[in-house]
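A.B. asks: Following the hints, complete the assembly by docking chain G onto the known chain F.
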Amino acid sequence: MGTRVVRVEDPRLLTAGGTYTDDLREPLLTGAAYATFVRSPHAHARITGIDVSAAQDEPGVVAVLTGQDAAAELPAPPDNPNAEPLLATDTVRYVGEPVALVVTDGRYQGEDAAELVSVDYEPLPAVIDIDDALRGETLLFPESGSNVVASGGGDGSGDDAFADCEVVVERTIVNQRVAPAPLETRAAAAAWADERLTVWVSTQNAHWARDAIAGALGLEPAAVRVITPDVGGGFGAKIGADRDGIAVAWAARRTGRPVRWVETRSENLVGMTHGRGQRHAIKIGGTRDGRITAYRLGVIQDAGGYPRMATLLATLTQTMASGVYDIPHVEAGFQVVVTNTTPVAAYRGAGRPEATAAVERAVDMFAAEIGMDPAEVRRRNFIAPDKFPYTTPGGMEYDTGEYAAALDRVLSAAGYDELRAEQARRREQGGPVQLGVGLSTYVEITGGVPEIGETARLEVHDDGTVTVLTGSSPHGQGHATAWAMLVQDELGIPMDKITVRHGDTDAIPVGIGTFGSRSLQLGGTAVHQAAVNVKERARELAADELEADKADLEFDVAGGVWRVRGTPDIGLDWGRLARLAGPDGLAADVHFTSPKSTFPFGAHVAVVEADVETGKVRLVRHVTVDDAGPVLNPVLAEGQRQGGIAQGAAQALLEEVLYDSDGNPVTSTLVDYPFITATELPSFELVDMATPTPLNPLGVKGIGEAGTIGATPAVQNAVVDAVAHLGVRHIDMPTTPQRVWTAINEARAGQ
Amino acid sequence: MKVTITVNGEKIQEDVEDRTLLVHFLRDGANLTATNIGCDTTSCGACTVLLDGESVKSCTVLAAQADGAEVTTVEGLASPDGELHPMQRAFQAEHGLQCGFCTPGMVMAAVSLLKENPHPTEEQVRTGLEGNLCRCTGYHNIVRAVLAAAEEGA
Numbered sequence: 001m002g003t004r005v006v007r008v009e010d011p012r013l014l015t016a017g018g019t020y021t022d023d024l025r026e027p028l029l030t031g032a033a034y035a036t037f038v039r040s041p042h043a044h045a046r047i048t049g050i051d052v053s054a055a056q057d058e059p060g061v062v063a064v065l066t067g068q069d070a071a072a073e074l075p076a077p078p079d080n081p082n083a084e085p086l087l088a089t090d091t092v093r094y095v096g097e098p099v100a101l102v103v104t105d106g107r108y109q110g111e112d113a114a115e116l117v118s119v120d121y122e123p124l125p126a127v128i129d130i131d132d133a134l135r136g137e138t139l140l141f142p143e144s145g146s147n148v149v150a151s152g153g154g155d156g157s158g159d160d161a162f163a164d165c166e167v168v169v170e171r172t173i174v175n176q177r178v179a180p181a182p183l184e185t186r187a188a189a190a191a192w193a194d195e196r197l198t199v200w201v202s203t204q205n206a207h208w209a210r211d212a213i214a215g216a217l218g219l220e221p222a223a224v225r226v227i228t229p230d231v232g233g234g235f236g237a238k239i240g241a242d243r244d245g246i247a248v249a250w251a252a253r254r255t256g257r258p259v260r261w262v263e264t265r266s267e268n269l270v271g272m273t274h275g276r277g278q279r280h281a282i283k284i285g286g287t288r289d290g291r292i293t294a295y296r297l298g299v300i301q302d303a304g305g306y307p308r309m310a311t312l313l314a315t316l317t318q319t320m321a322s323g324v325y326d327i328p329h330v331e332a333g334f335q336v337v338v339t340n341t342t343p344v345a346a347y348r349g350a351g352r353p354e355a356t357a358a359v360e361r362a363v364d365m366f367a368a369e370i371g372m373d374p375a376e377v378r379r380r381n382f383i384a385p386d387k388f389p390y391t392t393p394g395g396m397e398y399d400t401g402e403y404a405a406a407l408d409r410v411l412s413a414a415g416y417d418e419l420r421a422e423q424a425r426r427r428e429q430g431g432p433v434q435l436g437v438g439l440s441t442y443v444e445i446t447g448g449v450p451e452i453g454e455t456a457r458l459e460v461h462d463d464g465t466v467t468v469l470t471g472s473s474p475h476g477q478g479h480a481t482a483w484a485m486l487v488q489d490e491l492g493i494p495m496d497k498i499t500v501r502h503g504d505t506d507a508i509p510v511g512i513g514t515f516g517s518r519s520l521q522l523g524g525t526a527v528h529q530a531a532v533n534v535k536e537r538a539r540e541l542a543a544d545e546l547e548a549d550k551a552d553l554e555f556d557v558a559g560g561v562w563r564v565r566g567t568p569d570i571g572l573d574w575g576r577l578a579r580l581a582g583p584d585g586l587a588a589d590v591h592f593t594s595p596k597s598t599f600p601f602g603a604h605v606a607v608v609e610a611d612v613e614t615g616k617v618r619l620v621r622h623v624t625v626d627d628a629g630p631v632l633n634p635v636l637a638e639g640q641r642q643g644g645i646a647q648g649a650a651q652a653l654l655e656e657v658l659y660d661s662d663g664n665p666v667t668s669t670l671v672d673y674p675f676i677t678a679t680e681l682p683s684f685e686l687v688d689m690a691t692p693t694p695l696n697p698l699g700v701k702g703i704g705e706a707g708t709i710g711a712t713p714a715v716q717n718a719v720v721d722a723v724a725h726l727g728v729r730h731i732d733m734p735t736t737p738q739r740v741w742t743a744i745n746e747a748r749a750g751q
Numbered sequence: 752m753k754v755t756i757t758v759n760g761e762k763i764q765e766d767v768e769d770r771t772l773l774v775h776f777l778r779d780g781a782n783l784t785a786t787n788i789g790c791d792t793t794s795c796g797a798c799t800v801l802l803d804g805e806s807v808k809s810c811t812v813l814a815a816q817a818d819g820a821e822v823t824t825v826e827g828l829a830s831p832d833g834e835l836h837p838m839q840r841a842f843q844a845e846h847g848l849q850c851g852f853c854t855p856g857m858v859m860a861a862v863s864l865l866k867e868n869p870h871p872t873e874e875q876v877r878t879g880l881e882g883n884l885c886r887c888t889g890y891h892n893i894v895r896a897v898l899a900a901a902e903e904g905a
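Each protein sequence line maps, in turn, to chains F and G.
Its first residue numbered 1, the first sequence is counted upward by one per residue in our numbering.
Its first residue numbered 752, the second sequence is counted upward by one per residue in our numbering.
Just to be clear, a hint being listed does not mean it is correct.
Said to hold, decoys possible - From the structure, some residues in chain G lie toward chain F, with a derived Cβ separation under 8 Å: (1) E768; (2) R770; (3) N787; (4) G789; (5) A829; (6) Q839; (7) F842; (8) H846; (9) C850; (10) T854; (11) V858; (12) R877; (13) L884; (14) Y890; (15) H891.
Stated by the list, open to error - Pairs of lysine to aspartate or glutamate, EDC-like flavour, derived with a Cα cap of 20 Å: (16) F/K387 / F/D399; (17) F/K616 / G/E874; (18) G/K762 / G/D818; (19) F/K616 / G/E881; (20) F/K535 / F/D552; (21) F/K535 / F/D589.
Don't read these hints as lab results, they were simulated from the structure.
Glycine is no exception: its CB is placed at the ideal position from the N, C-alpha and C atoms.
For reference, chain F alone in the conformation it holds in the complex (with noise of 0.2 Å):
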């Protein structure tokens, strides 16, 4: 614990390279057709007709399959207002929604048959954004009489406890969509052999992976095995399996052929699940000398055209909107609207980020407002440390948190004195090139479902070597390396003799998987668990055979070998303790829940420099606290981090997902979507800082999403506060040229 650790994983993916969903040359595979997805070109519309005789009279093109063949076949869809088919029926909802599959011989061939794939569309009004969405002259699902899901929380009717503030700051913004884009597409191969299907996928889930498929395809599941290979990124947009995905899995039982799929970048740009795509109407309200009284979010999240998860979202903005703050006054809400756009689901942070981008500008709106150092009014206002346990107006139980002190560490590292110092310099001279600097200060929260838990099994071999099956699904975190640590740790194996596996049904019957930075805390603690109930069972074993007492028996790391005290002659390895312990071997099984979530904290200080003639800004400083309690590899631990800033960064900065007016997507290729480049990102400097918790074993809460919750709104901050003093108060990200230069002559035009 605590060890800087390079990965196991490295040699082979940086030497061979990983074995992600397309580079599969497995048995099964062998002789695999190609699958490609004819997708909708509107945003809305009725099919009114599927013409698929050009395509399957081609030569090499194997089937051609319709959401009329699925709707004939396939188990009904559970009767849901919103429910969304595997292909397109009657009704496409955004553009990429997938209407046909072609399975074809060749690779290439696929485009060229989808091509002659001839549907008529009606096209129908777009319901492009929210606004439209609320309107409601255009229903996405007529029978339910709404483009609005779901809502909850407070509908702001409540007493107006704003009436008695000094100051009162009220704004709309945006937290604009994202597109998650890892670097490596969804993909699924499937095969079908003696009435079991064997999926592949790229996914952060294998079981539920399994369950939807089998759900799908009225297969028990049993009768599906699923197994991840190497997945090149998920950010929360890989959980599970989606239509595309199970739709591969029906062409192979259908077909009778193995059958493989990877979709193009641009296929990706819309048919991968967006993030994000909230409206804030913020409202925050206090006392002249810093003391925050009465805050309110009210939220809109637009769901796309088929709702997914996103109440889910919504409610972790509604429930995470107070932060880190201590406000005696806290109401918060939230709608969700379907608008015919891709659907929006998790994507790193998956509803935090947006409550802290939220309160975070608010806190900096309410400080410039009374004229107070942003850092200043927010010490006033932190959850102090012995209120911990603490519950929040939004019915969270934060369980430790040092904010004050984290905010203290990330200022003095970052020189925030002599930064300021630094800026009130540049303002003098008032040339072209100023200075911000933005805070965020954080709480969110981890274990994604820590109810359910996570799964381990843990296996002493015979020669000596362990074998971990974990329920987690790593797609680049590093949980062979991780997983290997704890092992050694508790039984002092070496770990060129761990061998972790994940993400095979099969292989491990119950798992859960990667997602909300559940993993260490979860996962980890079920390895780590499984090894001290090993290490129990290894010295009774020993006891046994050696004729001594559990209490005199002692594990000598360097020799390998458990021996009585002062009996430096006789010792037993562990593979010898594994065939003494018969035939259910030296292995524990464990699976770990926890009745709580974590709750991870920290503060940022963002840098930039930006040019007042032009608007162009650049990120020159990020530096960061961010807590997650006790490291168990700092390496892993840093790479998390700096992963997260960066993409933080990118929403704050360049990244926006953009439809024009009749729902086509325009930032559908990467030429289009600003996808952040090494040119647009500095070094990062990280601070450490570990408050455990008491929620696990191992005291720890989850790295995972937390840099990117807390880079966002240090760099929107900064952004504003660097031309501040022209009498911008407030940017909508991204913080684009044309919004910064905007922002600064609307300022002056205003003064």
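C.D. replies: Chain G alone, transformed into the frame defined by chain F:
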């Protein structure tokens, strides 16, 4: 049409459609799957390989264009006895990869960068890798890896 390319020192001849991309020749023809495809607009660099010593995005080169040429992929970087190239060593030492999908292309682009500029500044490394996208690492440790490899004289 028949295309012959020497890949990592081995002559590979395949009969391919005229429109076959070099990246598919490598992945499907030569069965070297380390080089990945991350986009369809020449934007992401995951497919970067060396073509006659120059870095190219193999998704934007036809196999036919590489007929008769030499291609080096990440699978050809380590020495025959398995000793890692300094760039590979540096990427592991500095944790310059997480999911690994961008890595083969990133490593080849970095190798090419150092061939042209053996002692780059951090800014030059970042500019040099602008055409290689990574979603996992935030580039921080990739930059450190390249600078470390340069230090070692890669």
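A.B. asks: Does each hint fit the structure? Answer for all of them.
C.D. replies: Results for each hint:
1. With its C-beta approaching chain F no nearer than about 6 Å, G/E768 sits inside the 8 Å limit, and its interface hint holds.
2. With a cut of 8 Å, the hint placing G/R770 at the interface with chain F holds, because the nearest CB-to-CB distance is about 7 Å.
3. Given hint, G/N787 at the interface with chain F, holds; its Cβ is 7 Å from that chain's nearest Cβ, closer than 8 Å.
4. Interface restraint check: G/G789 against chain F, minimum CB-CB distance 5 Å, threshold 8 Å, status holds.
5. Of the supplied interface hints, the one on G/A829 holds, with its beta-carbon coming within about 6 Å of a beta-carbon of chain F, less than 8 Å.
6. For G/Q839, the suggested interface contact is upheld, since its CB lies about 4 Å from the closest CB of chain F, less than 8 Å.
7. The interface hint given for G/F842 holds, since its Cβ lies 6 Å from the closest Cβ of chain F, which is under the 8 Å cut-off.
8. With a least beta-carbon distance of about 5 Å to chain F, the hint placing G/H846 at the interface is held under the 8 Å criterion.
9. This hint holds: G/C850 has a C-beta 3 Å from the nearest C-beta of chain F, less than the 8 Å allowed.
10. This hint holds: G/T854 has a C-beta 6 Å from the nearest C-beta of chain F, less than the 8 Å allowed.
11. At its closest, the beta carbon of G/V858 sits 7 Å from a beta carbon of chain F; the interface hint therefore holds under the 8 Å criterion.
12. With a least beta-carbon distance of about 4 Å to chain F, the hint placing G/R877 at the interface is held under the 8 Å criterion.
13. Annotation: G/L884 was flagged as interfacial toward chain F, and the flag holds, the nearest CB pair being 6 Å apart, inside 8 Å.
14. Below 8 Å, beta-carbon pairs count as interface contacts, and G/Y890 has one with chain F at about 4 Å; its hint therefore holds.
15. Contact between G/H891 and chain F, as hinted, is supported at the beta carbon level, the nearest pair being about 4 Å apart and thus within 8 Å.
16. Annotation: proposed proximity of F/K387 to F/D399 holds, straight-line Cα distance about 10 Å (limit 20 Å).
17. For the hint pairing F/K616 with G/E874, the CA-to-CA distance comes to about 18 Å; that is within 20 Å, so the pair holds.
18. The straight-line distance between the Cα atoms of G/K762 and G/D818 is roughly 11 Å, inside the 20 Å bound, and the hint therefore holds.
19. Note on F/K616 and G/E881: the hinted pairing holds, with a Cα-Cα distance of about 18 Å set against a maximum of 20 Å.
20. Between F/K535 and F/D552 the alpha-carbon distance is near 14 Å, which keeps this suggested pair within the 20 Å criterion.
21. The straight-line distance between the Cα atoms of F/K535 and F/D589 is roughly 13 Å, inside the 20 Å bound, and the hint therefore holds.
Of the numbered hints stated above, none is contradicted by the structure.
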